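Asks: Work the whole structure out from these sequences, hints included.
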Amino acid sequence: MSMDLGFHVHSEEAVERHGTFDDEMSVIEFLRRVTRMNSLPYDVTVYGLEDFICGANSPRDACEYIHNVLRDHANCLLTENPRVQFVVDDL
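So for the sequence shown, this note's numbering puts the first residue at 1; every next one is plus one.
Honestly, the hints are just simulated from the structure, not real lab data. The structure presented is a predicted model; accordingly, all values stated were derived computationally and were not measured. Ideal Cβ placement from N, Cα and C applies to all residues, glycine included. Don't take each hint at face value.
[Claimed, not checked] Beta-carbon label-pair distances, calculated as ranges:
1) Met37 with Arg17: 29 to 39 angstroms
2) Glu13 with Arg36: 30 to 40 angstroms
3) Gly19 with Ser58: 26 to 36 angstroms
4) Ala74 with Pro41: 15 to 25 angstroms
Replies: In structure tokens, the structure reads:
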């Protein structure tokens, strides 16, 4: 699979065509690692983003939380330069 560094959102259909990375984790584990500034695999597939947002009492607050975590830890993420693939049901 050929992807640039950074964050990518793929539908289940795209995953069937292109595959996933060997390292996988839930969105909760991903956010926990970013918040704690723990290392991430260079290539990682993250599941559950859509469920995390849609299952929240306020999807808008969930999106804002994710945005804040990524923004507040941008320097750490830029240092590691991971390729993160978020898999969602549909785009």
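Asks: Decide, hint by hint, whether the structure agrees.
Replies: The hints, checked one at a time:
no.: 1; hint: Met37 with Arg17: 29 to 39 angstroms; result: holds, 34 angstroms
no.: 2; hint: Glu13 with Arg36: 30 to 40 angstroms; result: holds, 33 angstroms
no.: 3; hint: Gly19 with Ser58: 26 to 36 angstroms; result: holds, 34 angstroms
no.: 4; hint: Ala74 with Pro41: 15 to 25 angstroms; result: holds, 18 angstroms
When the structure is compared with the earlier hints, no violation turns up for any of them.
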